[in-house]
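**Q** As a plain string of letters, each chain reads:
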Amino acid sequence: MARGIKDKVAILGMGCSKFGERWDSGAEELMLEAYKECLADAGIDQNQLQAAWFSTAIDEVHVGKSGIPLSTTLRLPNIPVTHVENMCASGTEAFRGACYAVASGAADFALALGVEKLKDTGYGGLPGGRGGPLQSLWNASGTAPGNFAQLATAYMTAHGVSGEDLKKAIGHVSWKSHQNGAKNPKAHLQKAVEMDTILNAPMIASPLGLFDCCGVSDGAAAAIVTTPEIAKALGKHDIVSVKALQLSVSNGSESGHNSWDGSYFHTTRIASKKAYEEAGIKSPRDEVSMFEVHDCFSVTELVTMEDLHISETGKGWKDVLDGFYDADGKIPCQIDGGLKCFGHPIGASGLRMLYEMYLQIQGKAGPRQLKNPRIGMTHNLGGAPRENISSVAIVGRYE
Amino acid sequence: MVGIVAFGAYVPRLRLNRQAAYDANKWFAPGLRGLAKGERSMANWDEDSITMAVEASRDCLTSHKAEDVRNIYFASTTHPFKDRQNAGVIGTALNVEQNLSTMDVGGSLKAGTSALIAGLNASRDGAPSLVAAADKRMARVASANELNYGDAAAALLCGTENVIAKLVGHHSVAMDFVDHFRGDEAEFDYGWEERWIRDEGYSKIVPPAIKAALAACKLKGSDITHFIMPSLMPAVPKLMAKMAGIGEGAVRDLLGASLGDTGAAHALVMLVDSLETAKVGDKIMVVAFGQGVDTLVFEVTAEKDKLAKRKGLSGWMARRKEEKNYMKFLAFNDMLPIDKGMRAEFDKKTALSVLWRKRDMIYGLVGGKCKVCGTVQFPRSQVCVNPNCHAIDSQDPYAMAGLECSVMSFTADSLVYSPDPPGYYGMITFPEGGRFMADFTDSDKDQVRVGAKMRMTFRIRDNDQMRGGFKRYFWKAAPV
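Protein chains in written order, with the numbering used here: chain A, 94 to 492; chain Z, 186 to 665.
So here's chain A without its partners, still in its complex pose:
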């Protein structure tokens, strides 16, 4: 294992737009909304930025390609801007680029900004498509819910969990996120929902019903990173530093080799293990204070908590039903509402998760503030269970 970047990078400032169906805003307005908050929080001048990373995942439906949309919208001082795309892990990718620039010494101040403007397509759900000229000739006609629904069927088969138990557990996942989202003024969905409503909602892709699916939202989030030394020199207290950044990408074995049973995320197991190693975390169930994980679908969150090595494999559904991940549980998960309620503007989501960790560690999370959190972990999953990018970030109090 390489030395890693633990405590070499500090978050100097962060910003996040209101998420939701932002009929009033295009991608440009959303970018600026997050950026203004971020820059003010960092307390530096724009001309001090030396590099930027810009993430969008479905740029065809809004800003287009390249780093130019960010540079132009913010009128950046002709610094390098790199456009990154790694599906739902794009936001964390932008953050990774900025952190590595600082850790390497190439930049003292680097910006990561992610945005997605999805609600200009004319229909609900994510924009579809079947990939390039070869994929479009043979890829199954899937949607995101359809692909993740299969995680549920495979999970039930692998662990002998009944449909009823699983439905209850994934229903609880969504119930909990709605409870949390109700306390977040920036969230897309800010309404608590009854368990009965969740369980009896219309089926989208069996066994996933409407409430098992996260919101499709517009939004942007941003971070400015620097070194802890510079942050201190600028007079910052309660510094939040980066403990680990790991990424694992499928190489086709799950989708093409019969060794994978469809019930877990191979990549998340690898990325989280490496991240704990980089961060020096020995017993994650005891050391991590809170999670923001990729709950694109309720079942994704449930299985992810096993693959992050927090719940035992095949037993995650029991932890969920025991309230282990609730706001008042042992390790709160999705305290800001998660993708489910905060929303999921794809390119912004990784940064939005870090934004919550950043607020919580600094004690600035308002009515949803947890008691003295020290270590926060975020996780994104881009793609489908059979083929994906799993990104993991661990941040914490700099001591």
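Bear in mind the hints are in silico, worked out from the structure with no lab data behind them.
Everything numeric in this text was worked out from a predicted model, so none of it was measured.
A portion of the hints provided could be inaccurate.
[What the hints assert, rightly or not] Within a straight-line C-alpha distance of at most 30 Å, the following computed DSS-like cross-link-like pairs (lysine-lysine) qualify:
| hint | chain 1 | residue 1 | chain 2 | residue 2 |
| --- | --- | --- | --- | --- |
| 1 | A | LYS261 | Z | LYS630 |
| 2 | Z | LYS525 | Z | LYS267 |
| 3 | A | LYS212 | Z | LYS533 |
[Stated by the list, open to error] Covered stretches of chain A (in silico footprint by chain Z; criterion: 3 or more residues with CB under 8 Å from a CB of chain Z, positions within the stretch not fixed):
| hint | region |
| --- | --- |
| 4 | 238-244 |
| 5 | 343-356 |
Where is the CB? At the ideal position from N, CA and C, for every residue including glycine.
Fit chain Z to the known structure of chain A by using the hints.
**A** The following block gives chain Z in isolation, referenced to the frame of chain A:
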């Protein structure tokens, strides 16, 4: 000795209940009441004459190797392509290209028999010929044709070795008697009065043609044990047999009650039906009428009982699901401007250069088998997918279309656009190795479950209507 060495058939799973269709239209066409009984086969939205012909050909080749076929004749009046060899698509789906001649035969309801005559003659020197016939004809709403027609395919392998039905002789006449036609600009047939067709057409053209064929075969009418003659008028075959001195007991059932008239395929569909039960020594006469008459006479040999079992017409007929929703029939046939929603708007343009490079993968479902570790995989790739191997350039082509597979995970997706929602798809795994996320077809809620056995079937994946109807074909999984 040349003749038929193997046979196969295909019938779509759905059967439209004629009473249901009549009930929907009787306000307009009460005169159709007499036809409102039984059922007709109805292609799924993802089936056309090519896909049905591929299935019938696979059924036929249960006992033979596709690579031994030297000629493919494909008869239809509904070839999906006007300029693109339809028979060639069948060849690619069967993974044959080399030493292969292909030909589309059309333009008449006797296209099936004309193709069979050509196939038999081409096989005389020992080059096996596959003759496939399929039709999926459109008919106007509330027409008699809508109730009478059916969708199906038949395939016959012609050759000189292990002949199960030897060709005794054949005879043809060509006369431009236009009982009906479908012009280049039309979707539907236009026909003349039935009584005229019967009295001036059938009655004056067919009996002399049969007699000439009998003479050429040195047979009497009474020698014929199976008389096959498709006609939309059920009394006509009996009348023709009588006029030619063929016993009424020899006249084969038109399969109208449960299948319908399958157009250019029907004479061959009925021939497969006869062959399934025929006995050694039986003499089968096949007559097809369409701007002339083709007549063929076969004699069943002792080899017939040795032919390996296949689904055949009876097997596919037994796989049946009744459809009482006439609206669905209209929608599947693009006769209903149904609101497909924005998710149906994605461009379906095909990169023909990609299709050419990957034709064995897309049309043949050919994957790879690693020479180093033996792992079967789909698609074939340059680096082996086995995480413990990853050998480079190590894979031999491996045909997977004929392999049974099972469902590892699946869903019924109500969000994705499907002409027949919800869209069923899932991860299928092959016991030999290999898996991929596949669309399912011909699937019902109670059939699809984890572990269910599936069979791969060649289907339409998309129809690129922006470019004149380029059908994109690929393989889907259907319950066994």
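**Q** State for each hint whether it applies.
**A** Hints, verified against the model:
1. LYS261(A) with LYS630(Z): Judged against 30 Å, a Cα distance of about 22 Å means the pair holds.
2. LYS525(Z) with LYS267(Z): holds (27 Å)
3. LYS212(A) with LYS533(Z): holds (23 Å)
4. 238-244: holds (count 6)
5. 343-356: Per the Cβ count (10), the hint holds.
Consistency note: the structure conflicts with none of the earlier hints.
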